[in-house]
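Going down the list, the sequences are from chains H and F. At position 8 of the first sequence the residue is numbered 8 (the working numbering), and the sequence of numbers has no breaks. Add 1000 to a position in the second sequence, counting from 1, and you land on the number used in the working numbering.
In short, the hints are calculated from the structure, not lab data. Glycine included, C-beta positions come from ideal geometry on N, C-alpha and C. Fair warning: there could be bad hints in the mix.
Quick list of simulated restraints, FRET-style, between CB atoms [unchecked claim]:
#	chain 1	residue 1	chain 2	residue 2	range
1	F	Gly1086	H	Ser60	55 to 63 Å
2	H	Val115	F	Phe1315	38 to 46 Å
3	F	Glu1204	H	Gly118	53 to 61 Å
4	F	Met1262	H	Gly118	35 to 43 Å
5	F	Ala1123	H	Ser72	53 to 61 Å
Residues from chain F that face chain H, not an exhaustive set, calculated with beta carbons under 8 Å [unchecked claim]:
#	residue
6	Leu1101
7	Leu1152
8	Ala1153
9	Asn1154
10	Ala1157
11	Pro1209
12	Ala1230
13	Ala1234
14	Phe1298
15	Ala1302
16	Arg1308
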Amino acid sequence: MRILIVEDNALLAFMLEQSLADAGHEPLGPVPDVQSALQIISCATPQMALVDINLDGGSSGLDLASELHARSIPFFFATGQAAMAHRDGVHALGVIPKPFAPELVVALAGAMERVIDGESDVAFPNQIELFD
Amino acid sequence: MLIVAPFRRDAAVLGNMLKAQGFDPRPCGNATALAEQLVGDTPPIVLSQEGLTVGVLETLKAHLEGQGQWSELPLILLLDRDQRIGPTAARLRATLTRAKLTFLQRPVRAVELISAIQTAVSARNRQLQVRDHIVFQEELQRELNHRVKNALANVMAVYHLTKRQSENFDEFTESFEGRLAALSQVHSALVATNEPRELAEIAETVLAPYRSTEGRRVLVSGPRASLAPASAVAFAMSLHELATNASKYGALSSTEGCVEVMWRLERRGTELRAVVDWIESGGPKVVPPTRRGYGTAFIHSAARSSLRGSADFDFAPSGLRCTFSILVDGPASEPAPAEDENRVEPAEDCEF
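Produce the complete structure using the sequences and hints provided.
Here is the structure:
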């Protein structure tokens, strides 16, 4: 699955990139800000996105929400500030609480893949906070 | 302060007297006028007996209930001599639970009223200070919480990445401790203030431990340019990987070895880029790696993502060379204009 990674923390971004690639996914990015993310989604079509909220230089992952929604790209916020993500609960599917282990994101990507393939009753990892 | 004294010229007389004392009296004729004034940092209120209408009391009650725990709005009540103060006070205390009530009996002597108002104003100012302090504390708490989570996320990432790369536990321990120590140094030196950092400061912080041993030479030089905190960490951890590698296999593993870190700035349109060279020399002959290790993979990833640029490796036999091109923020001094080989010089002889 093609997964866009929006994360300005190089260590986290690298961990996500490596673990998703190890699991057979195709990471797009990682990109550190909203502008670079917009460049990617204008020419590539990720099937899912993982978005950090508090980005370097005052940029906010929240600003990306409506663009991803408009392109029907399902996305999760990866953040330590779950309260902020709730403000945008309309668009995001849920929150991956920081800090997290890479296995959690791999499990989440696996679950999303099954949902996209049309499976019903897909179980998401417990640690993922799903929005209604 | 606000004045609710609708009887004849009470408000005007009170107002003039308070103005003369340097206060800022604002008369409110009725409940509606009072409600309009009850916004922002509500000042103390002087209320005469005639002002205590049902409307005024309800307006006050609603406003008081909307205030934070820090608030105890001072109210000075001017009651008539024939009024039995006890029952009135009890009734008002029950209604206006979040107010600090002072009762004065009319006719009130000016000195008495002014001293009551001074006390009320200073009590209110103190309450507003407490409020500001609470807001500040809450912001600090949020920021601290965010940073702790971020620090833990970093440790978690280093743990998983190192685990993935390590062949055995000893190898894991060595790499993990090294990265954690670097992260800790970087954090206390660079991230603690959450401000942009100079390239030189970042390089010096990471490379300081490699200078401590006699004979090892590390040179850092370049014009001023800065990186935002997340990019500063990415650059620092990239340099850490290069330095660890150099101390194990490269120039920093021998006493004759030398590492130079130098950069120049290039402006491309609105972008300012630093081209940073990591140049090793005098170490053992370099053998190009057969597979891409953690260090090179991380540097490539960090350069592309957080540093908004690229990194290139040259495993020359004389010494490893790594060249970063990274997006930086403006330095205090203007950089030299970039060399442009294709620039067309205006011709000396022009024919029109």
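A quick look at each hint next to the structure:
no. : hint                             : verdict
1   : F:Gly1086 x H:Ser60: 55 to 63 Å  : holds, 58 Å
2   : H:Val115 x F:Phe1315: 38 to 46 Å : holds, 45 Å
3   : F:Glu1204 x H:Gly118: 53 to 61 Å : holds, 56 Å
4   : F:Met1262 x H:Gly118: 35 to 43 Å : violated, 56 Å
5   : F:Ala1123 x H:Ser72: 53 to 61 Å  : holds, 58 Å
6   : Leu1101                          : violated, 38 Å
7   : Leu1152                          : holds, 4 Å
8   : Ala1153                          : holds, 4 Å
9   : Asn1154                          : holds, 5 Å
10  : Ala1157                          : holds, 4 Å
11  : Pro1209                          : violated, 20 Å
12  : Ala1230                          : holds, 4 Å
13  : Ala1234                          : holds, 3 Å
14  : Phe1298                          : holds, 5 Å
15  : Ala1302                          : holds, 4 Å
16  : Arg1308                          : holds, 7 Å
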